[in-house]
Amino acid sequence: MNIEALIPLIVILLVIFIVGIWASRYVRTTDSFLQDYFLGGRSLGGFILAMTMTATYGSASSFIGGPGTAYNQGLGWVLLAMSQVVTGYFVLMVLGKKFAIVSRRYDAVTLVDFLRKRYNSKWVVFISAASIIIFLFSAMAAQWIGGARLIESLTGLSYIAALFIFTLSVLVYVAIGGFRAVALTDAVQGSIMFIGTLILLIAVIIAGGGVPAIISELQAENPNLITPFGADGSLTPAYVSSFWILVGVGVVALPQISVRAMSYNSSKAMHRAIIIGTIVVGFIMLNMHLVGVFARAVMPGVEIGDKVMPLVALKVMPGWLAGIVLSAPMAAIMSTVDSLLILVSSALVKDVYLNYIEPKASNQRIKRLSVAVTAVLGIIVLLMSLNPPDLIIWLNLFAFGGLEAAFIWPIIMGLYWKKGNKYGAISSMICGIVLYIIGDRFITQPFGMHPIVLPVIISFFVYVFVSLGTQEKVKAMS
Amino acid sequence: MKDDKRFKIANREALIGVGLAIFNFIWWFVFAYGMGDKDPSKYTYILGMPAWFFYSCVLGFVVMAVLVAIVVKFFFEDIPLDDGKEEEQ
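Same order as they appear, the protein sequences are chains A and B. Each residue of the first sequence is one higher than the one before, counting from 1 in full-length UniProt numbering. Each residue of the second sequence is one higher than the one before, counting from 1 in full-length UniProt numbering.
Everything labelled a hint here was simulated from the structure, so no lab data went into it. One thing to keep in mind: the hints can contain errors.
[Said to hold, decoys possible] Simulated pairs of lysine-lysine, DSS-like, Cα-Cα distance not exceeding 27 Å:
id, chain 1, residue 1, chain 2, residue 2
1, A, Lys418, A, Lys473
2, A, Lys419, B, Lys73
3, A, Lys419, B, Lys8
4, B, Lys5, B, Lys73
5, B, Lys73, A, Lys268
6, A, Lys122, A, Lys473
7, A, Lys98, A, Lys367
8, B, Lys5, A, Lys268
9, A, Lys98, B, Lys38
10, A, Lys268, A, Lys98
11, B, Lys73, B, Lys8
12, A, Lys122, A, Lys360
13, A, Lys475, A, Lys418
14, B, Lys8, A, Lys117
15, A, Lys122, A, Lys307
16, A, Lys117, B, Lys42
17, A, Lys98, B, Lys42
18, A, Lys473, A, Lys117
19, A, Lys418, B, Lys38
20, A, Lys98, B, Lys5
21, B, Lys8, A, Lys418
22, A, Lys475, A, Lys419
23, A, Lys268, B, Lys42
24, A, Lys419, A, Lys122
25, A, Lys117, A, Lys307
26, A, Lys117, A, Lys419
27, A, Lys360, A, Lys98
Working from the sequences, and respecting the hints, build out all of it.
Given below as structure tokens:
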């Protein structure tokens with residue numbers, strides 16, 4: 001057990017926990033539990049908005065899986081990761097003020113709320129809630145495993161024990177705090193990530209004897225490591241470019257991200273968040289993945305990619321500093337998990353139960369139900385994570401792709417195209433999800449691209465043609 | 001109507017976002033594959049990094065951050081997000 005590294009980590013988690021409790025006071029004192037618990041009362045300022053988006057997005061896969069893959073692939077994987085800079089400005093600019101205005105008008109608290117009011121169809125709601133639940137379970141399991149692995153490698157406890165510790169700490173503070181707690185602690189966690197990755201990068205560069213020395217060592221080992229094409233030349237331009245959709249512009253369709261795009265308090269906050277978010281996302285991604293690549297020169301021969309991050313931190317830094325820096329991935333994982341838990345519980349409680357089962361439920365009852373559902377979800381994910389797969393990054397990317405295939409056109413076209421209707425939305429969602437799952441399971445790289453590309457293109461045309469073809473039908477009904 | 005004006009601004013800003021993303025992609029792609037697609041022994045280096053990587057990933061990120069800041073400061077308008085109460089009636 002590495003006590004020296006463990007203490008700072010625990011202290012930081014405690015601080016985050018206290019912020020959560022402090023924020024939960026707001027939940028108890030305001031009238032609208034729903035607005036507050038799920039949305040923080042649309043009160044986020046620019047800095048917190050930028051940080052909560054970054055923290056939600058920068059998950060276990062970018063902090064544990066990303067550097068690990070970069071370790072194996074070299075600079076080509078950093079190039080791929082830099083496609084994520086676009087998320088910093090694209091989400092807020094494209095959903096933009098129109099989304100903020102319309103969701104206020106609809107009184108929408110979740111993405112599904114927005115879709116329900118826009119399309120006025122319970123099938124849109126059911127399909128949305130179902131795809132959120134299915135795909136986010138996969139994403140949550142990835143975070144759970146990542147968190148447990150980190151605790152495991154630091155404490156020397158068994159994986160199972162680490163998993164229980166992780167679950168318990170996450171559940172307690174999500175259940176008491178809700179969205180505002182998550183958003184606030186995200187700001188703390190985002191800042192830790194920002195500084196932590198920088199310290200780690202500097203320490204790795206020093207340990208490796210400077211950037212030129214590291215690069216020439218990598219080149220001596222395998223010249224492909226310093227090309228854009230990956231260690232074995234498998235990263236083709238088409239494949240790498242298709243990540244611009246998966247982890248770049250497609251991110252607008254992730255419910256955990258888009259819900260944040262309706263939670264800011266003014267257009268000034270949004271402007272600030274765009275600038276801060278772009279800098280923070282780009283900075284963290286660049287540093288984090290460079291750490292992975294450079295670690296190869298400092299510490300060759302690590303077999304399991306997911307262990308590169310904790311191992312290199314413990315190697316190049318004194319224990320206490322490693323503990324602080326490692327709280328960055330821990331923070332990333334926790335905040336992602338929290339947001340996902342809130343999101344799935346809101347899909348069940350708010351979107352399905354409140355709309356279609358018991359519309360007149362009392363505030364007290366909603367509150368109890370939300371907390372209970374969140375707890376049950378946490379336990380289910382724990383059970384799913386008991387037998388972890390070897391690589392978490394693909395679990396997470398699978399979830400990203402599925403949600404994007406389902407939601408991208410119903411959101412974007414629903415906002416900007418008046419003629420879009422529920423038939424277009426339903427058929428494009430079904431088509432997107434089905435094609436994505438087929439592509440992912442049976443054809444690994446259609447036309448040399450990631451399986452997300454085709455479903456996104458095809459479901460666009462489905463949305464447009466079905467909407468146009470049903471114009472008369474909709475008119476006749478109204 | 002007040003709405004139309006606000007939505008017009010919102011639409012324009014969304015298009016700016018798309019434009020920035022396209023510019024970002026071209027910058028990233030051209031430097032990475034334009035300069036990186038040759039034998040590694042012929043690479044030139046900047047700050048110890050291969051030139052393709054420096055221009056595409058490091059400088060590209062700095063350029064985007066500056067560009068985004070300029071665009072937001074000078075082209076994004078401050079508008080109210082809530083509907084006026086009288087409009088809701």
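Problem - Violated hints - listed by number, lowest first - result: 2, 7, 9, 15, 16, 17, 19, 23, 25 and 27
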